[in-house]
Amino acid sequence: MTKSNATAEPTIVAFLCNWCSYAGADLAGVSRLQYPANVRVIRVPCSGRVDPLYIIKALQEGADGVLVAGCHPGDCHYISGNLVARRKFAMLRSFLEYAGIEPERVQFSWVSASEGGRFASLIEKVVADVKKLKTGKKMAGESRSASLAR
Amino acid sequence: MIAHGGNPYIGAPVRIEKVTVENDEKDLKTFRLVFRETADAAAFNHRCGQFAMLSVPGSGEIPVGIASSPLDKGYLEFTVKRYPTGVVTAALHDLSEGAAIGVRGPLGNGFPMKELEGKNLVIVGGGFAFTTLRATVRYLLNDAIRRRYKNITILYGARTPGELLYKSELAEWQRRGGIATYITVDKGDDSWGGRVGLVPLVLKDIAPSSENAVSIVCGPPVMLKFTMLPLLELGFTPETILTSLERKMSCGIGKCGRCNIGGSYVCKDGPVYSYARIRQLPENCF
Amino acid sequence: MKQAAIDGKNLKKLATAMLKQGRVRGPVRDARTGSVALGDLSPKNELILDYANFTLPPKREFFPQCETIATYDADGFRPEAGSDKQIIFFGIRPCDVRSLGYLDKVFLDANYADPYYRKRRDHALIISLACEKPGHACFCTSVGGGPAVAGAGVDIMAFNPGDSLIFEAVSKKGEDFLKKNRALLRAPTAAEIKKKKQREEHLQNALPELRMDGVTDAIGKNFNSPLWDAIAETCLGCGACTYLCPTCHCFDLYDEKQGTGGRMLRVHDACMFASFTREASGHNPRGRRGERMRQRVMHKFAYAKENFGDIFCVGCGRCVVHCPSNIDIRETVSRAAL
Amino acid sequence: MNNTEKKMQEAAARLLTGGSVDCIIGFENGSLPRTARPCFVRNAKDAERLVWNQWCVANLAAFVPKLFEKPQKPRKDYKTPRVGIVAKGCDGRSIAGLVKEQQVPRASITIIGMPCNGMKTAPKGEKNNVAGELARTCIECVSPAVMHADIAIEGESRKPAKAAYPRVREFEKKSVAERWRIFTEEISRCIRCNACREACPNCYCKVCFADQRKPSWVSPAAQVSDTMAYHLGRMFHQAGRCVECDACVNACPMGIDLRLFTQKLASDARELFGCVPGVTGEDVPPLNAFKQDDSESFMTDPEER
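Chains as they are written, first to last, in our numbering: chain A, 1 to 150; chain B, 1001 to 1286; chain C, 2001 to 2338; chain D, 3001 to 3305.
For the record, the hints were derived by calculation from the structure and aren't laboratory data. Warning: the hint list may mix true and false statements.
In silico PhoX-like links for lysine-lysine, alpha-carbon gap of 25 Å or less [stated by the list, open to error]:
(1) D:Lys-3214 / C:Lys-2257
(2) C:Lys-2013 / C:Lys-2119
(3) C:Lys-2257 / C:Lys-2012
(4) D:Lys-3173 / B:Lys-1081
(5) D:Lys-3173 / A:Lys-131
(6) B:Lys-1081 / C:Lys-2257
(7) A:Lys-132 / D:Lys-3173
(8) A:Lys-132 / D:Lys-3174
(9) C:Lys-2105 / C:Lys-2020
(10) B:Lys-1026 / B:Lys-1167
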């Protein structure tokens, strides 16, 4: 990850579910669809596996944005993992936004294994959203080196 | 103490020269370290039973007993067990030969080798706590040193034959004269022709004389606990039983506050204590 | 110049003069909470004289909660050099000054002097201000101090007998400071000195007295008492007591990776946390809350006495006030010393 | 002595004499003026130590999960303890939550439900501020009555407030940058003493994520970004579980306004899932459940432009 504070080329960490969204990303690749190279993919078994701490940690370690994608409702390999995730992320996104982390930085979406095109446009949208933000690396930029000698 | 530019918190740079896997489980490795600066190497003079902090950049530091003899010049050896939950031990085990780490030490008091001269020594070790005892035995076996001490008896036990450390050295000690070496395992296997039995029981069996003798015991807490009684029965007084304790440490120089037992700091006042002293300490040490 | 006085109205001028001589840390109003905290003096942040004490102890100025002690990369470690800037500390309470004297014993011992602490101490001038209104949990007089008693490590002791401040230089550094600023100072009047004496006597007797003689031996005998578990029953296991204690100095060293390099940090740690002594094998020599409570109390009242000759408690009362369960060290000590 | 306090002492003494509980967790007078502090009472004689006044602000449920931790090595003589607890509305809500999350066997707990007129807090360490103020959590409390009391002590209680979250609404109106500034300012006061976590009845994890070192989610270094991660993580673990008791706020020695943030979680849980933890809601915490028609308006649809 770069150390710069600019959002010119942001780093997006994408947590993709193994069964749908990761396959969707694969399909985008196989289909030679163009999408920005800013994304760093982390494959997870299910969107329900994504602990909010993963997202917070990614932001703290310097990610400019985080994307979580899983199977569409009804398609979850584990029946309901994505539905539990949906509730969790609804609250998480609202909470982070409340604390001052721009909603553009933390996004969630459904991408199925056949939606290579949707994946490519999703990445385009997320990268464009994050590029619009004034500052990069929200949490990391804030204070990694600041010490609290009070 | 050798550390980076005299700063007691920062290790002097060393290189891992050689890694030896010691046991069947492959969770015990001996690391041979060589100082990057010759001045550091020349100035590092440890006593048997002392320890040092090994610093793995990015992971942290751990206190480890020095397994090489003070007479082994040019390098230091440490045997480290990898714990599934341990951050530093795991990182250290993942390093290969040539990697750069840090060492600060020697720390702690060590065994009083000078005071032990002219005595019979009974060295009892169990498991991977044998490391500083190995340093001691290597030291004692030096020809110039050996004659300063009388009879030397070594008893070393491990859970299984595959868990015995320093196997080739053990074999050599058993072959050579001048010391009596007893090796035992808790549980033998098909290839094991040696003794089978727990260290305290074997100790009773071989019954070394306590006359003009000092016993040095290192091992897991439960072994220490059950070894004290047979030693006392053999006539060793609490003052003539020495042992080495372990505690979690961070600074190694008596400041960070976690290794103390009562008012005694294991890093600085220990790790070597006589059984007499241990009985004075308020907590159960093992 | 050993003794000097300054009129209240000239205090601002002294502040301006001090700011020219270095960074000045003193009692200033915290904009967010309205309370008085130890902060940077500036033309906007005026010195305040009416306060009991700061929530955070001054140890943090010399032994910060988190400091980088070295950075490293492929070439090896580079120890942090630290700042060469002089800092004038104004208004450190006498109890807290004494705590610095105790920390000196720990960090500046003959064998392993701590270079980071050393540097900060060497670059500091400490002006202590006698207490006018001790807080309701203060018990400094019971542990060998007093609201107007200068502790080891102070450079100048200041008193506030009314509309003026009286300074008494205790160290050479303090004398130099008074000499340097003599244009703003005058000799104290006899009336001022008399008033100061009266206040001192009054304050020394104003605080409740706890019996502390023999406490070390008495606690030592109760090491294995079930009392500790009983006292710790309502302990939540947080570190408020230790982090706010001016003499608690336990720390951890922590490595933080950043790319191919990283840094070594020293961070405050607390004996009240279970993780403090938990070993990689899972074994914890102080696994119970009562054992950790015992460690904290014994460290101050027995082990410090054994190792350094002093009880490491200055009676500031922070742990009493800020414990979420109001576990009161005064009560703990008297129970344990029975 | 007030009548409520007397009745509570009698109830406690009765429970202990009758042998239906092993201990009672209640309040006793603190060592400082204007404080009451938690205490454990084990025999009926000591029940007179128990007090009930306007300073009984701590949430006693925080002590309960630890009492039910089983010994590491199974012991034949281990018996599940039976615990009595002197509870306000908030303590009661926390117990209900702990029962729901199976941390505490309901049958082993006897709740002495107290009438609650709201508790006062005084600034810590200031000598002359005698008054103390009604705690914000009490002013905004939506359920002062103990709902699951086994023994209900009669007396006057506050009227439930309407759930309105005015400070949350006000904060939401600020710009994202301003919110971040305030969040940063509050969090940077933190000294990482963990008092918020330890005082919280819902923080019963045996090893907190913040203490894990493999992986290390949050560095022990009290740098602002670590501290942010700690608080975001800890608070979000309370999503749909926080009973708004302000145990964290009262425990904090630095006076950090954690309520400003925990209330957002409470507000969202109510709005999105109709859950008021410890009062209404599904049989499991809302984030352990789902509905087919949960809102997903927050999700990104790349095709919608």
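Hint-by-hint comparison with the structure:
1. D:Lys-3214 / C:Lys-2257: holds (14 Å)
2. C:Lys-2013 / C:Lys-2119: Since the Cα atoms of Lys-2013 of chain C and Lys-2119 of chain C sit roughly 29 Å apart, the hinted pair is violated (cutoff 25 Å).
3. C:Lys-2257 / C:Lys-2012: Distance ~46 Å between Lys-2257 of chain C and Lys-2012 of chain C Cα, so the pair is violated.
4. D:Lys-3173 / B:Lys-1081: violated (56 Å)
5. D:Lys-3173 / A:Lys-131: Roughly 24 Å between the alpha carbons, so the hint for Lys-3173 of chain D and Lys-131 of chain A holds.
6. B:Lys-1081 / C:Lys-2257: holds (23 Å)
7. A:Lys-132 / D:Lys-3173: Distance ~21 Å between Lys-132 of chain A and Lys-3173 of chain D Cα, so the pair holds.
8. A:Lys-132 / D:Lys-3174: holds (20 Å)
9. C:Lys-2105 / C:Lys-2020: violated (32 Å)
10. B:Lys-1026 / B:Lys-1167: Holds, because 14 Å separates the two Cα atoms, which is no more than 25 Å.
Violated hints for the displayed structure, listed by number in ascending order: 2, 3, 4, 9.
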